[in-house]
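Chains A and B, in that order, give the protein sequences. Here the first sequence is numbered in this note's numbering, starting from 1 and rising by one per residue. Here the second sequence is numbered in this note's numbering, starting from 323 and rising by one per residue.
It should be emphasised that the hints constitute simulated quantities derived from the structure, not laboratory data. Beta carbons: idealized from backbone N, C-alpha and C, even for Gly. One or more of the hints may lead you astray.
[As the list claims (entries may be wrong)] Just some of the chain A residues that point at chain B, by a computed CB distance under 8 Å: (1) V103; (2) G138; (3) K139; (4) L289; (5) G291.
[What the hints assert, rightly or not] No more than 30 Å apart at the CA atoms, straight line, and that leaves these computed lysine-lysine pairs for DSBU-like: (6) A:K77 with B:K324; (7) A:K115 with B:K324; (8) A:K60 with B:K324; (9) A:K48 with B:K379.
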Amino acid sequence: MEHDNKLDNTLSRLINDPLSIVSILFLGTIFINITYVVFPLFVNTIIKNPFFPEYFTTFKMGFPYLFLGVLVFIRSKIAYFMGVLISFLLMIHPIVFDNAYFVITFYLFLWLFVKDENHSIFLGRLLISFIFFGAAVGKLTPGWMSGEQLNNIVILRKIPSVSLVIIGEFLVAISFLLPFYIASLISIFILIGMTLSMDNGVIISATQPILGMILTFLSIVSMKKSELKLYFHQDQKHSNFVYLFFEIFKINNITLIKFKNDNIVKSAKSMLVKKGYIIQGQNENGEFLYGFDCYAEIISRTALLAFLFPLFKLKNHTFISR
Amino acid sequence: MKYARIAVYLMVVVYTLLALLKPKKIYVDRFTHDIGFIEWALLQPFPTMYSSESILKVSFGRDRSVWYLCHHPMKPIINRNYIFLDSVTYELTVRYRGYKTVKKFIVFKDSLYTSLE
Numbered sequence: 001m002e003h004d005n006k007l008d009n010t011l012s013r014l015i016n017d018p019l020s021i022v023s024i025l026f027l028g029t030i031f032i033n034i035t036y037v038v039f040p041l042f043v044n045t046i047i048k049n050p051f052f053p054e055y056f057t058t059f060k061m062g063f064p065y066l067f068l069g070v071l072v073f074i075r076s077k078i079a080y081f082m083g084v085l086i087s088f089l090l091m092i093h094p095i096v097f098d099n100a101y102f103v104i105t106f107y108l109f110l111w112l113f114v115k116d117e118n119h120s121i122f123l124g125r126l127l128i129s130f131i132f133f134g135a136a137v138g139k140l141t142p143g144w145m146s147g148e149q150l151n152n153i154v155i156l157r158k159i160p161s162v163s164l165v166i167i168g169e170f171l172v173a174i175s176f177l178l179p180f181y182i183a184s185l186i187s188i189f190i191l192i193g194m195t196l197s198m199d200n201g202v203i204i205s206a207t208q209p210i211l212g213m214i215l216t217f218l219s220i221v222s223m224k225k226s227e228l229k230l231y232f233h234q235d236q237k238h239s240n241f242v243y244l245f246f247e248i249f250k251i252n253n254i255t256l257i258k259f260k261n262d263n264i265v266k267s268a269k270s271m272l273v274k275k276g277y278i279i280q281g282q283n284e285n286g287e288f289l290y291g292f293d294c295y296a297e298i299i300s301r302t303a304l305l306a307f308l309f310p311l312f313k314l315k316n317h318t319f320i321s322r
Numbered sequence: 323m324k325y326a327r328i329a330v331y332l333m334v335v336v337y338t339l340l341a342l343l344k345p346k347k348i349y350v351d352r353f354t355h356d357i358g359f360i361e362w363a364l365l366q367p368f369p370t371m372y373s374s375e376s377i378l379k380v381s382f383g384r385d386r387s388v389w390y391l392c393h394h395p396m397k398p399i400i401n402r403n404y405i406f407l408d409s410v411t412y413e414l415t416v417r418y419r420g421y422k423t424v425k426k427f428i429v430f431k432d433s434l435y436t437s438l439e
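All chains should be modelled from the sequences, with the hints used to inform the complete structure.
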């Protein structure tokens with residue numbers, strides 16, 4: 001029983017923390033990188049190279065890299081600092097220093113390390129823009145502009161125009177100056193486009209943590225903190241099942257109330273019973289919410305999904321979904 | 323932590339200025355390893371993300387050589403999958419706007435030797 005409670009608490013912490021989005025996506029990159037990064041770090045022997053100090057030849061970074069997947073879930077500054085340090089060591093390691101993925105890992109942990117209670121969203125956005133600034137400025141060369149360099153990257157699918165790549169990177173580079181929601185939308189669109197433009201999705205390991213950061217910012221900004229009451233009809237089989245689901249995840253700012261036909265508040269009774277929905281909500285103003293509106297309110301309080309809430313507020317979407 | 327945040331903002335400003343005012347260091351020398359290790363390590367956090375232009379000529383013995391463009395200059399040299407002979411010569415050209423560096427690498431029995439041309 002105690003074990004179950006611990007599991008429930010872990011699940012609850014995971015679902016109520018917006019940073020879980022970036023943590024989960026980052027963990028995903030470690031699995032994606034098994035062939036490209038993890039395997040070489042364990043298997044490849046280092047070519048003796050006078051450029052690197054000698055101690056690097058015995059410098060095994062396989063396990064520390066895997067440990068990053070744990071550190072990103074530990075909500076502690078020490079863990080994040082270790083993440084910064086390990087990422088930096090991987091950036092200068094003779095086997096993987098060419099991998100741009102560790103630059104992103106480095107900035108992700110750096111943001112986690114220096115952020116304040118309000119999550120320093122602007123700083124996070126600036127770091128994402130900075131990553132793309134370096135990439136875009138580096139591509140302003142005749143070879144890149146003519147498409148010669150791009151066309152010879154074997155992992156790349158066909159792209160209509162090389163300008164798309166450079167303009168896309170520049171747009172993300174200036175995104176920290178744009179309004180938050182517009183900048184997020186543009187960045188997400190470009191990151192997904194970049195990922196799809198690569199064969200076998202090899203770039204996904206680099207785009208995924210950035211996407212995770214953007215979705216985390218969106219969740220933090222979009223999350224509602226006011227209380228939502230959810231009513232569940234005790235005599236309905238489906239309603240009881242959904243109640244159990246909410247009880248396990250314990251979403252913050254959501255109160256669960258079970259009711260029977262005879263003990264419900266009189267004013268609410270007719271609405272709740274007549275509609276026959278599995279869940280009915282009541283917001284902080286006392287308004288009853290059904291169907292789409294109720295689900296939207298639940299999503300706005302679920303840290304892991306709150307980034308979807310701005311979509312729910314779009315007028316056309318609301319009209320069609322209702 | 324407030325000072326750490328200020329340091330990160332400063333870091334972004336310094337790297338941005340470096341990329342604009344000293345592009346050769348970041349987009350050429352860093353890829354050809356023509357700077358000291360410590361300086362190179364300090365420049366590594368600058369996100370170039372496979373920028374610059376690089377051409378690699380790989381020679382197998384006297385008569386056979388292959389030219390190709392690569393998105394990261396050091397990739398074929400550091401990755402052992404590319405090294406399947408006892409002795410392989412690489413000629414690497416890295417260009418960024420008006421800057422150009424040609425460098426030769428020789429891998430001989432698990433050791434890498436370099437020479438500037």
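Holds or violated: are the alpha carbons of A:K60 and B:K324 at most 30 Å from each other?
Status violated; Cα separation ~34 Å.
A:K48 and B:K379 were given as a pair; does the straight-line alpha-carbon distance stay at or below 30 Å?
holds (21 Å)
Proposed proximity, B:K324 with A:K77 (alpha carbon, max 30 Å):
At roughly 13 Å apart (the allowed maximum being 30 Å), B:K324 and A:K77 satisfy the hint.
With 8 Å as the cut and Cβ atoms as the points, is A:V103 at the interface with chain B?
holds (5 Å)
Please check whether A:G138 passes as an interface residue: C-beta within 8 Å of a C-beta belonging to chain B.
holds (2 Å)
Hinted pair, alpha-carbon criterion (30 Å max): A:K115, B:K324. Please report holds or violated.
holds (9 Å)
Interface restraint verdict for A:K139 against chain B (beta-carbon cut-off 8 Å)
Result: holds, 5 Å to nearest chain B Cβ.
Against chain B, with CB atoms and a cut of 8 Å, does the hint on A:L289 hold up?
At 40 Å from the nearest chain B Cβ, A:L289 fails the 8 Å test, so the hint is violated.
Was the hint right that A:G291 lines chain B, CB cutoff 8 Å?
violated (44 Å)
Consistency note: the structure conflicts with the earlier hints numbered 4, 5 and 8.
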